[in-house]
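Engineer: Sequence:
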Amino acid sequence: TLSLTAGSWIASHPAFCTLMRRMTSTRRSKNSSFLFSTFAIPIAASRNADDLEETRKAIETNGGRCLGVPTDVGSADDVSALIETAVKRFGRVDVLVNNAGVAPLCKLEELDPDVFRALMSVNVDAVYLGCRAVWPVMRKQGGGAIVNMSSIASADPFPGFAAYGASKAWINAWTKSLAE
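The sequence shown begins at 1 in this note's numbering and counts up by one.
In case anyone wonders, no lab produced these hints; they're calculated from the structure. One should not assume that every hint holds.
Label-pair distances were calculated between CB atoms; the ranges are [as the list claims (entries may be wrong)]:
hint : residue 1 : residue 2 : range
1    : ALA173    : SER80     : 21 to 29 Å
2    : GLU53     : ALA81     : 18 to 26 Å
3    : GLU110    : SER80     : 29 to 37 Å
4    : GLY142    : GLU110    : 45 to 53 Å
5    : ASP114    : ASN62     : 20 to 28 Å
6    : ARG65     : ALA118    : 27 to 35 Å
7    : LYS107    : PRO70     : 17 to 25 Å
8    : GLY142    : LYS107    : 41 to 49 Å
Result set (DSSO-like, lysine-lysine): computed pairs, CA atoms no more than 27 Å apart in a straight line [as the list claims (entries may be wrong)]:
hint : residue 1 : residue 2
9    : LYS57     : LYS88
10   : LYS176    : LYS140
11   : LYS57     : LYS140
Note that the Cβ used here is the ideal one computed from N, Cα and C, for glycine as well.
Go ahead and model the full structure; you've got the sequences and the hints to work with.
Structural biologist: Encoded structure:
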């Protein structure tokens, strides 16, 4: 549930940008569509056009609006273009949600270097790139909020999620350093 304070703040700060890979569950889709249709105009980012369309429909079905921008969240150029699109469209970015993530389940000896690099690109690089691109925008406008999604796996990765847990631990350290 959302508190009135959070809802009021988001309602008065309508430029909401989320970096996501896909909405993988019905619950996440419903929660996100409620938040976005009720309080904000989101800009959803994903490489997958079907995911963007699904997100747009979920939000618009609940009475909201959504702009989907095809974006490779591991690409500095794409993420910068996404933030530029938000600024051009709304004049500002008040909230950035770094929600992209991949979590291959496999033992170290089975973790292919290409899979590891893809995991780090989505789970770590995307967070860095999103924060880096939006930071000067938020400083210029006098503030904003960055939400970096993590996981309990950052502190207690269960077998097969060592790389995922490590990537989420990096997010925790990164977020803490940005807040100081």
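Engineer: Run every hint past the structure and note whether it holds.
Structural biologist: Hints, one by one, checked against the model:
{"no.": "1", "hint": "ALA173 - SER80: 21 to 29 Å", "in the structure": "holds, 24 Å"}
{"no.": "2", "hint": "GLU53 - ALA81: 18 to 26 Å", "in the structure": "holds, 20 Å"}
{"no.": "3", "hint": "GLU110 - SER80: 29 to 37 Å", "in the structure": "holds, 35 Å"}
{"no.": "4", "hint": "GLY142 - GLU110: 45 to 53 Å", "in the structure": "holds, 48 Å"}
{"no.": "5", "hint": "ASP114 - ASN62: 20 to 28 Å", "in the structure": "violated, 38 Å"}
{"no.": "6", "hint": "ARG65 - ALA118: 27 to 35 Å", "in the structure": "holds, 32 Å"}
{"no.": "7", "hint": "LYS107 - PRO70: 17 to 25 Å", "in the structure": "violated, 34 Å"}
{"no.": "8", "hint": "GLY142 - LYS107: 41 to 49 Å", "in the structure": "holds, 48 Å"}
{"no.": "9", "hint": "LYS57 - LYS88", "in the structure": "holds, 23 Å"}
{"no.": "10", "hint": "LYS176 - LYS140", "in the structure": "holds, 21 Å"}
{"no.": "11", "hint": "LYS57 - LYS140", "in the structure": "violated, 33 Å"}
Figure legend: structure checked against the earlier numbered hints; hints not met, in rising order: 5, 7, 11.
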